[in-house]
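> Going down the list, the protein sequences come from chains A and B.
Every number in our numbering is 135 more than the matching position in the first sequence, counting from 1.
Every number in our numbering is 196 more than the matching position in the second sequence, counting from 1.
In case anyone wonders, no lab produced these hints; they're calculated from the structure.
One thing to keep in mind: the hints can contain errors.
[What the hints assert, rightly or not] Simulated crosslink set (PhoX-like; lysine-lysine; CA at most 25 Å straight-line):
| id | chain 1 | residue 1 | chain 2 | residue 2 |
| --- | --- | --- | --- | --- |
| 1 | B | Lys-309 | A | Lys-449 |
| 2 | A | Lys-258 | A | Lys-283 |
| 3 | A | Lys-429 | B | Lys-394 |
| 4 | A | Lys-187 | A | Lys-211 |
| 5 | A | Lys-449 | B | Lys-394 |
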Amino acid sequence: MAYDLEFEKPLAELEKKIANLQRKGERLKPEERFQLQEAERELPQRTREIYKNLSSWQTVLVARHRDRPYSLDYIKLMCEDFFELHGDRSSGDDHAIVAGPAKLDNQIIMLICQQKGRDMKEKQFRNLGLPHPEGYRKAERVMQQAEKFGMPIISLLDTSGASPALVDEERGQAEAIASILSVMSRLRVPVIATIIGEGGSGGALGIGVADRVLMLEYSIYSVAAPEAAASIIWRDSAYAQYAAEGMRVKAHEVYKLGIVDEVVPEPLGGAHRNYQQVAANLKEAIQKNLTDLKQLSADELLERRYQKFRTIGKYTRSEAPVT
Amino acid sequence: MVKEAVPLTEQTFSGKETKPVLPAVGNIAVKCTKCKEILYTRDWEKDLKVCSRCNHHFRLTARERISLLVDLDSFVEVDADLASIDPLHFATQPPSYPDQRTYAKKLEDEQRKTGLTDAVVSGQATIEAMPLVLAVMDFHFMGGSMGSVVGEKITRTVELGIDRRIPVLVVSTSGGARMQEGLFALMQMAKTSAALAKLREAHIPYFSLLTDPTTGGVSASFAMLGDVILAEPGALICFTGPRVIEQFMHIKIPENAVNSEFVLQHGMIDAVVHRRDLRSTLAQLLRLYSPA
């Protein structure tokens, strides 16, 4: 997989050098053989250095990389026996949210995931990964079903936000999200949410009110997509990079703020370089958290989940200013 | 029994008094921001700041709103001292942007301007002698945006309703989540919605009144979760603002799209109520939904 992001230029050059030398095969001169070994050693080292110090905006670019694994890739790699459920039983079926029961090793779970599209056609089919109200209503229906059958809920978050079209307003985007937020807070089964790419605004949070919230190392989580935030704060989406930095969107920053419980490591150079590896890491993290949560009674789960979100927020006490 | 609402000028505020922010055309008259009609300030205030020509409902401050809705002198404020901080040390600014104030500085300025610590005032009061707890948002404080303080005060209001077993009213007016508080702001959506889920389990009624504008993270959490949802006429009510919808769809949408009447027509709210009828409507609802 090529290094194609702007800040990966030195890596791309190294990779090109390696490819050129390798092409020579047997005709390599001794000093070229030495150069090849050097370059092959340098590449992972440089990658590690660059990825250790990614800026907020660079992380946004990795989180949005077109080859980054999407929800269906993880489902394929982590689960067996997935059966997709469709429709909100009211107005339609949303393709930006994929849901259904599956087997995770020996445990039946309910998956609820946001799904982006890779090529033009699939992007259109998935509405660029921006869920419609019927997506949240499908998710809510499926969550209540999971509760009925005692299945733990695993959700994967990957959207820059909820769909902002006029039809979405007509069908009640605000109500759909408000409703699922409140329903999720009272589900009597364990819920684990993971941000696997972009976690943007209420659109992502819509399936993210969970007992444990995990975040992949190079994913982002923010109150609004950086472009949207920039246009709200500075009336120009071109300032997105500043917004990304100010809002602290990187996984380790979000972890330090106490909003997520665990950062799941990604392979060297990002999840898109090794699907198997990142899926294995995620699966392990989900298994571990699920084992913990299964020790708790439903009442304990509910109270802890309530307190988890109840205690988020920073404020002080001071006298009202005099005008 | 329908009571005539008392005009604002004849009421006093029980809390700290703040100056209403008037559209500036001098003291004697104001200009309607919608139809450009010149209105005498005295008539306009008697009309509860509604344009007598085009029925445009001007935005009210939280304290004006409270005195409009509840019994005279019945309001007792709580948590008046909860104030915002800058939890992310949000200091990055595009160098070319004219306003270089940091979030911390902006907060200070807004507090001085409005006399509020943040964009919501909450407490307990009565309407026609029936008790309720209420939280009223104020658009004049950073566009009514929801950060930690707004979320916390709304949540406390709901919890107070659960504790005392009395109905809850939230009056919304907000541009959405406060970007400068990042995920802390986003999580207030989850926090308030979770508190309201508990309120529902306690079988205590929750009334939500939407005023201009109610958008973004506020509309997608507590504002849309009312057992009964009311809206003032002509208020902008949406998840995504019209400007963003237009950018996304590359079309022009009609001026009156995504307002109170639009959401009523699409089944998202229960009624559009004129400002002068709000108090009597709330009283009626309190009677009908009073916990047995």
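> The structure should be examined with respect to each hint, and the outcome stated for every one.
Now the hints, each set against the structure:
1. B:Lys-309 to A:Lys-449: Satisfied, since the Cα-Cα distance of roughly 22 Å is no more than 25 Å.
2. A:Lys-258 to A:Lys-283: violated (33 Å)
3. A:Lys-429 to B:Lys-394: Given pair Lys-429 (chain A), Lys-394 (chain B) holds - Cα atoms ~23 Å apart, limit 25 Å.
4. A:Lys-187 to A:Lys-211: violated (29 Å)
5. A:Lys-449 to B:Lys-394: holds (22 Å)
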